[in-house]
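Make the full structure from the sequences, and use the hints.
Given next are the chains, with one letter for each unit.
Number of protein chains: 2
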Amino acid sequence: MTAGVAFHVDATDGAARTGTLTLPRGVVRTPAFMPVGTAGTVKAITMAEVRALGADIILGNTYHQMLRPGAERVAALGGLHAFSRWDGPILTDSGGFQVMSLAKLRKIDESGVTFQSHIDGAKHALSPERSLEIQALLDSDIRMQLDECVALPAAPADVERAMRLSLRWAERSKAAFGKPEGRALFGIVQGGDIPALRLESAAGLTEIGFDGYAVGGLAVGEPQATMLEMLDVTAPALPAEAPRYLMGVGTPEDIVLSVARGIDMFDCVLPTRAGRHGVAYTRFGKINLKNARHADDPRPLDEASDCAAARDYSRAYLHHLVKSGEMLGAMLLTQANLDYYQTLMAGIRAAIAAGQYAEFAAAAREGWARGDLAERG
Amino acid sequence: MTAGVAFHVDATDGAARTGTLTLPRGVVRTPAFMPVGTAGTVKAITMAEVRALGADIILGNTYHQMLRPGAERVAALGGLHAFSRWDGPILTDSGGFQVMSLAKLRKIDESGVTFQSHIDGAKHALSPERSLEIQALLDSDIRMQLDECVALPAAPADVERAMRLSLRWAERSKAAFGKPEGRALFGIVQGGDIPALRLESAAGLTEIGFDGYAVGGLAVGEPQATMLEMLDVTAPALPAEAPRYLMGVGTPEDIVLSVARGIDMFDCVLPTRAGRHGVAYTRFGKINLKNARHADDPRPLDEASDCAAARDYSRAYLHHLVKSGEMLGAMLLTQANLDYYQTLMAGIRAAIAAGQYAEFAAAAREGWARGDLAERG
Chain D
8 MTAGVAFHVD
18 ATDGAARTGT
28 LTLPRGVVRT
38 PAFMPVGTAG
48 TVKAITMAEV
58 RALGADIILG
68 NTYHQMLRPG
78 AERVAALGGL
88 HAFSRWDGPI
98 LTDSGGFQVM
108 SLAKLRKIDE
118 SGVTFQSHID
128 GAKHALSPER
138 SLEIQALLDS
148 DIRMQLDECV
158 ALPAAPADVE
168 RAMRLSLRWA
178 ERSKAAFGKP
188 EGRALFGIVQ
198 GGDIPALRLE
208 SAAGLTEIGF
218 DGYAVGGLAV
228 GEPQATMLEM
238 LDVTAPALPA
248 EAPRYLMGVG
258 TPEDIVLSVA
268 RGIDMFDCVL
278 PTRAGRHGVA
288 YTRFGKINLK
298 NARHADDPRP
308 LDEASDCAAA
318 RDYSRAYLHH
328 LVKSGEMLGA
338 MLLTQANLDY
348 YQTLMAGIRA
358 AIAAGQYAEF
368 AAAAREGWAR
378 GDLAERG
Chain E
8 MTAGVAFHVD
18 ATDGAARTGT
28 LTLPRGVVRT
38 PAFMPVGTAG
48 TVKAITMAEV
58 RALGADIILG
68 NTYHQMLRPG
78 AERVAALGGL
88 HAFSRWDGPI
98 LTDSGGFQVM
108 SLAKLRKIDE
118 SGVTFQSHID
128 GAKHALSPER
138 SLEIQALLDS
148 DIRMQLDECV
158 ALPAAPADVE
168 RAMRLSLRWA
178 ERSKAAFGKP
188 EGRALFGIVQ
198 GGDIPALRLE
208 SAAGLTEIGF
218 DGYAVGGLAV
228 GEPQATMLEM
238 LDVTAPALPA
248 EAPRYLMGVG
258 TPEDIVLSVA
268 RGIDMFDCVL
278 PTRAGRHGVA
288 YTRFGKINLK
298 NARHADDPRP
308 LDEASDCAAA
318 RDYSRAYLHH
328 LVKSGEMLGA
338 MLLTQANLDY
348 YQTLMAGIRA
358 AIAAGQYAEF
368 AAAAREGWAR
378 GDLAERG
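These protein sequences, in sequence, are chains D and E.
Under our numbering, the first residue of the first sequence is numbered 8, with each subsequent residue one higher.
Under our numbering, the first residue of the second sequence is numbered 8, with each subsequent residue one higher.
It should be emphasised that the hints constitute simulated quantities derived from the structure, not laboratory data.
Some clues are possibly wrong.
Which copy is meant is left open, so a pair is good if it fits within one copy or across any two.
Below, in silico cross-link-like pairs of lysine-lysine (DSS-like), each with a Cα-Cα straight-line distance of 30 Å or less [claimed, not checked]:
#  : residue 1 : residue 2
1  : LYS330    : LYS114
2  : LYS50     : LYS293
3  : LYS297    : LYS50
4  : LYS130    : LYS297
5  : LYS297    : LYS111
6  : LYS111    : LYS330
7  : LYS181    : LYS111
8  : LYS114    : LYS181
9  : LYS330    : LYS293
10 : LYS130    : LYS330
11 : LYS297    : LYS330
Rendered as structure tokens:
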């Protein structure tokens with residue numbers, strides 16, 4: 008571990024773990040869910056609210072911020088924490104994933120990737136070294152190596168090539184990171200849906216040595232069963248004393264099942280994006296508030312919630328806001344969804360600590376299956 | 008005054024007054040600014056925040072709510088207060104102004120107005136009686152008569168016809184209102200830019216007798232000087248013991264000048280709409296955050312503000328949010344603008360109470376004239 012960074016597993020229950028990742032800017036209780044702060048903001052919510060809803064750490068996207076407002080500008084303004092008014096830990100991705108999904112005219116070779124901005128068409132380059140330089144300018148607390156993430160299904164030869172390239176970039180990333188006190192660097196396991204490649208990637212990264220290990224290249228088109236199978240293979244191959252981060256995942260069910268396989272950290276746009284599209288995540292599953300059946304429903308999303316957005320507003324009102332395209336609909340559903348995710352994570356942590364994770368997971372799945380109309384009966 | 012409604016002038020300074028309008032759902036400190044809650048929401052902000060920023064009362068639009076979600080539906084859900092989670096007083100307009108500005112195929116005659124919804128083209132009718140019925144279904148605290156508002160410049164004959172029609176509708180509105188305890192009905196002075204018609208309208212309304220008197224048909228295209236001249240004529244002709252409400256006004260300067268002429272209540276979409284379009288209102292005038300000169304500016308909008316949105320975020324960050332189309336930009340600027348407006352109203356009330364309104368108004372105007380770059384020097 009880099010000096011000033013510490014991870015401690017406080018309790019385990021089967022493969023599930025609960026612990027604390029300590030960084031100078033704050034302690035992250037794991038398993039942790041990181042709300043995604045794409046462009047210096049978690050969309051449709053203030054950082055104060057993100058914090059109040061229980062987040063210890065957020066994720067920032069390197070790709071978005073290198074393009075706008077620009078990493079050097081953020082640095083001149085005091086770094087991403089001061090700029091966006093979030094004083095806790097921030098994990099930044101490498102930018103590679105968004106280059107592949109958003110940028111135009113991208114070209115990848117050994118040195119890195121060149122691309123055109125999706126905003127203004129300007130040419131940019133990202134290498135392992137430049138990615139780490141940008142993440143240092145943003146002054147994020149946890150930094151990610153640049154990798155190549157292949158969408159599934161993919162030809163085994165492509166998966167293998169990308170995994171090997173990612174491994175070579177991992178070495179260059181480690182060198183470029185240096186040893187900034189109190190900042191952490193995570194490597195990323197690739198290897199698609201091929202167990203042998205996953206194991207080779209995990210071994211290679213462990214050999215290089217990182218403060219934490221991410222599992223990338225999952226939730227990119229494969230069935231959930233394949234994702235879980237890859238976690239069954241990969242997680243035990245990673246150092247038990249370092250945090251494990253499953254990138255871009257996922258639904259509440261994905262999270263519960265992945266924690267059972269030893270994952271400690273998650274990020275996903277799902278709760279915030281769904282909130283902006285009229286969909287709520289609750290104890291009783293997903294509720295699509297665009298649906299006309301909510302128009303006269305006086306019930307809140309969840310009367311037992313601690314979150315005002317979920318407890319105090321009728322579904323009829325939320326439906327009205329969503330149908331009317333009112334920003335408040337996106338704001339309230341973003342709050343309600345982040346609250347549900349963080350409440351789920353708190354429940355997960357408590358259940359592991361109590362040695363009752365299997366029971367907790369079964370109860371959570373039962374609630375989702377019951378559906379939101381059950382209460383009416 | 009209707010039983011359960013009371014207005015008391017606590018102090019005067021010239022024609023300016025400060026007082027309290029007492030309603031069962033709360034006390035309104037005047038001069039008051041009412042944020043506009045168009046469709047059951049003040050756009051891009053929660054009601055809890057609207058309250059925290061100093062609003063005693065908000066305005067709800069009858070036109071929007073009769074179309075969506077529908078007045079009968081809101082009534083079935085417990086009325087507009089329960090629906091929108093605002094427990095203080097609400098003033099509803101009559102719907103007439105939006106019919107004229109938003110609806111399609113509108114046709115006005117003695118009985119009322121028929122129109123097509125701008126949302127789905129459905130046919131609707133609004134009469135003085137139906138407007139009061141809708142406002143009763145919403146259960147607003149202050150209800151407005153239906154009137155006909157003519158945009159300026161207009162032919163004197165049109166202005167006169169609309170004023171006379173509005174006066175006849177005022178009588179029908181009074182009859183339709185009934186005497187619901189703790190609810191108030193306001194009449195609306197029309198008469199365009201013609202002093203004699205304004206006086207005739209004011210006298211006619213006073214004869215009918217209302218809980219308060221609005222001045223309508225201003226800020227509809229005429230120069231500011233004309234608006235002020237009409238207030239000079241109209242305000243003294245209205246009963247001193249009732250509140251006077253200038254509809255749809257306005258800029259901070261409009262408000263300061265109108266208070267000096269005896270106006271007690273205001274509503275305007277300006278602070279919220281400007282906030283959604285990247286414009287901030289501050290002690291030092293308007294600041295357009297879309298402008299590139301803010302891109303590297305670490306200063307907040309107003310370091311002396313009590314409002315986090317105005318005090319804690321750099322102009323560079325706000326510029327970034329606005330340029331990126333991030334909802335948080337609209338949210339923060341809406342907060343900052345409503346805070347500035349409510350802080351201005353609090354200053355106005357304190358200055359009148361202290362007998363120093365002229366000095367306050369001069370200082371406010373000096374600040375706006377100084378501009379937001381002055382602090383840099």
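Tested hints:
1. Taking the shortest Cα distances, LYS330 and LYS114 sit within 30 Å of each other only across copies (28 Å), while inside one copy they are farther apart (41 Å).
2. For a Cα distance limit of 30 Å, the shortest separation of LYS50 from LYS293 qualifies both inside one copy, at 20 Å, and across copies, at 26 Å.
3. In the homo-oligomer, the alpha carbons of LYS297 and LYS50 lie at most 30 Å apart both inside one protomer (20 Å) and across protomers (19 Å), since each shortest distance falls under that limit.
4. Only between protomers do LYS130 and LYS297 lie at most 30 Å apart by alpha-carbon distance; the minimum there is 24 Å, versus 40 Å within a single protomer.
5. For a Cα distance limit of 30 Å, the shortest separation of LYS297 from LYS111 across copies, 26 Å, qualifies, whereas the shortest one inside one copy, 33 Å, does not.
6. In the homo-oligomer, the alpha carbons of LYS111 and LYS330 lie at most 30 Å apart only across protomers (21 Å), although the nearest pairing inside one protomer, at 33 Å, exceeds that limit.
7. In this assembly of identical chains, LYS181 and LYS111 lie within 30 Å of each other by CA distance solely inside one copy; the values are 28 Å within and 64 Å between copies.
8. Proximity of LYS114 and LYS181 under a CA criterion of 30 Å is satisfied intra-copy only: 23 Å inside one chain copy versus 73 Å between copies.
9. Proximity of LYS330 to LYS293 under the C-alpha cut-off of 30 Å is restricted to the intra-copy arrangement: shortest distance 18 Å within a copy versus 33 Å between copies.
10. In the homo-oligomer, the alpha carbons of LYS130 and LYS330 lie at most 30 Å apart only across protomers (20 Å), although the nearest pairing inside one protomer, at 39 Å, exceeds that limit.
11. In the homo-oligomer, the alpha carbons of LYS297 and LYS330 lie at most 30 Å apart both inside one protomer (6 Å) and across protomers (29 Å), since each shortest distance falls under that limit.
Figure legend: structure checked against the earlier numbered hints; every hint is met.
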